[in-house]
Amino acid sequence: MTQSYDFNIEKIKNLSPEEKISRQKTLDLFYKSGFPTKQLEDWKFTDLNLILNKNFDTISNDINFESSNELKTIKNFEHNCIFLTNGKIISTNFDWEEKNKILIKDFNQKETTNLDTGNTLTLLNSALSSGGFSLEIAKNYKLKKPLVIYNYFSKNLKNKILNNKNSIKLNEGSELVLIDYSDGNTGGNFIKNTIEVVSIDKNAVLKNILIQDSKSNGHFYKYIKVSLGDSSNYENYILSSGLKLNKIEMEINLNKDISSCSIYSALNLMEDQHQEIKTRINHNSPNCKSYQKIKNVLNDKSKGVYQGKIFVEKIAQKTNAYQLSKALILDDDAEFDAKPELEIYADDVKCSHGSTSGSIDSDAVHYLMTRGISKKEAIKLLINGFLNEVLDKITNNELKIFLEKILEKQINGH
Amino acid sequence: MLKIKNLKAAINEKLILKGLDLDIKPGEVHAIMGPNGSGKSTLANVLSGKNGYEIEGEINFDGMNLNDLKIEERAQKGIFLAFQYPLEIPGVNTNIFLKTSLNSVRKARGEKELDTLTFLKLIKEKAKELNIDEKFLSRQLNVGFSGGEKKKNEILQMKLLEPKLSILDETDSGLDIDALRIVADGVNSYKNKKNAFLIITHYQRLLDYIKPDYIHVLSAGKIVKTGNADLGEQLEKTGYANLR
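Chains as they are written, first to last, in the numbering used here: chain A, 1 to 414; chain B, 1001 to 1244.
Worth double-checking, as some hints may not be accurate.
Pairwise CB distance ranges (calculated) [said to hold, decoys possible]:
1. A:K75 with B:H1202: 49 to 59 Å
2. B:I1177 with A:D363: 48 to 58 Å
3. B:K1121 with A:F77: 54 to 64 Å
4. B:D1068 with A:N217: 53 to 63 Å
5. A:G187 with B:Y1190: 49 to 59 Å
6. A:D300 with B:K1107: 26 to 36 Å
7. B:K1121 with A:D363: 29 to 39 Å
8. A:K75 with B:E1088: 50 to 60 Å
9. A:S359 with B:I1177: 34 to 44 Å
10. A:S359 with B:K1107: 21 to 31 Å
Examples of chain A residues lying across from chain B (beta carbon under 7 Å, computed) [stated by the list, open to error]:
11. G187
12. K339
13. P340
14. I344
15. Y367
16. G385
17. E389
No lab work stands behind these hints: they were computed from the structure. By construction, the Cβ of each residue, glycine as well, lies at the ideal position given by its N, Cα and C atoms.
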């Protein structure tokens, strides 16, 4: 550990003496092994310790939650809002909805999330967590409009780490389209370490879309744990390129019959961006379905990683699990690593996985150029065609057009 | 319009075109016929600017040295190649491709780019003329299209981009008689005094529908015989053997 840390429990507000002691113990546990290195199997393609050493002089948790001055909102479609600065709620607007059906508040830091992720970032989060939100949707309430969570950051985050915990609960029969939207650059390198615990009860449906709408020096890690009830559905779209480092780790537990989940990702990485998507889908019950389609375009010196594991319990008969990752590598210095894994204990299941990577089809580029399109534009058309497919399942037309624009912006390098 | 003098082209150090001369004037239709391997498709590729060829000799198009122009510039200046095997391009929507193409060409010609609505109106009209079902336009480019649909799509692009010189590389191959007629009608309706066609084909049958002013026989990289429309019928009877 060459990194100099400046982690201080005293900087966290409103802690009781007992909490301070307990958090200090957790922090000491973190210190024993520090940030994950590539020696750990889960981090073999993303040596976080090395990356942080290279990009940070020091790391401190001394942050304030002052609102950044400009909060620009999405104009393309009507929506509800939650504004966060550095992960903490600044304001909310649910004018489209019946307000008593939605509960939104700061995350109660006394709550434990009982996460056993086996990685030290979770420990660090438990020790230093100071922001985050809890969102709960009442039984059978289907939100009329999507909810956009605006993630803004204050300007003075150089060498800082943000630790947040979020909890999202959809009660039986409720429905929500949740867009996790990040924008704006803080200038300096900073870290955001988020834990999100999602619970989707019987017949509930959550669509979660992660968007990074500009280039950022952010180094983000997010651990999402999802638990699904009977016949519930979770869909996740990741359009989060633009961050210097991004690792999204998803643990999805299909706990009850006929529950299903899908993960779609379209990333266009440039410069030295490094992004990893790691999934673990636990088929814990029969008749469940999981679907993953991960698409990466790698430019310049960027690196994309996909580690996807499908785990099928002995009782999870009639499981249907699908996993595919495809990468387009546009430069010699770019890299894509994929590690698909299947671990199956049931005997009547349908599981498939595939992974391909290749370069852009030069004949296709030639064909487009013979129609007057410049090489640059031709490549953009092909990249767009490659990534756009991921949005096929979005049914809300306004939202789809908005997401297509986000994708186009990413292809143009933000 | 197009003047080719002593054109030599080699790929992977193998000489394919061995000194070809051709002079095409506005309003003319030229056909190039010839046996397999005579260099017909190489000529089309070289004119469209495909990479990988070593070229010697002179190609003058509208007063410009063609070798100085990039692939997309050739298209923008008015050269169109209808491919023998139009590519399937997964993910790329046909309408978006056509609009990008048309606007790239219009922009280069100093014309105003079309907005989506104007474009859609235009493309619907053009598609109708060629008996192309509108639903093909919202599908991925050529993906799952039949041979005939792909070729009709090429002619649609030609009519959209309004080139001065259209090169049709074996556009008749893979077409049934109805599709052949539609393609030929498309070409004939576009033909005028200002533009010209170079039709590359193995067979006489396309020339029954599109009447050429000149037929050239290409053999072993050179034009060995030039005649009028009657030459095609003669070749159909006697074959290329005695011309080699």
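Status of each hint after checking the structure:
1. A:K75 with B:H1202: 49 to 59 Å: For H1202 of chain B against K75 of chain A, whose Cβ atoms are near 58 Å apart, the range 49 to 59 Å holds.
2. B:I1177 with A:D363: 48 to 58 Å: Once the Cβ atoms are compared, 30 Å apart, the range 48 to 58 Å for D363 of chain A and I1177 of chain B is violated.
3. B:K1121 with A:F77: 54 to 64 Å: 27 Å, violated
4. B:D1068 with A:N217: 53 to 63 Å: 44 Å, violated
5. A:G187 with B:Y1190: 49 to 59 Å: 57 Å, holds
6. A:D300 with B:K1107: 26 to 36 Å: Given about 28 Å between the Cβ atoms, the range holds.
7. B:K1121 with A:D363: 29 to 39 Å: Taking Cβ atoms as reference, K1121 of chain B and D363 of chain A lie about 32 Å apart, which means the hint holds.
8. A:K75 with B:E1088: 50 to 60 Å: 38 Å, violated
9. A:S359 with B:I1177: 34 to 44 Å: Since S359 of chain A and I1177 of chain B have Cβ atoms about 41 Å apart, the given range 34 to 44 Å holds.
10. A:S359 with B:K1107: 21 to 31 Å: 28 Å, holds
11. G187: Cβ of G187 of chain A sits 36 Å from chain B, so the hint is violated.
12. K339: Interface hint status for K339 of chain A: violated (25 Å vs cutoff 7 Å).
13. P340: 22 Å, violated
14. I344: Result: violated, 31 Å to nearest chain B Cβ.
15. Y367: 4 Å, holds
16. G385: 3 Å, holds
17. E389: Because about 6 Å separates E389 of chain A from the closest Cβ in chain B, which is inside the 7 Å limit, the hint holds.
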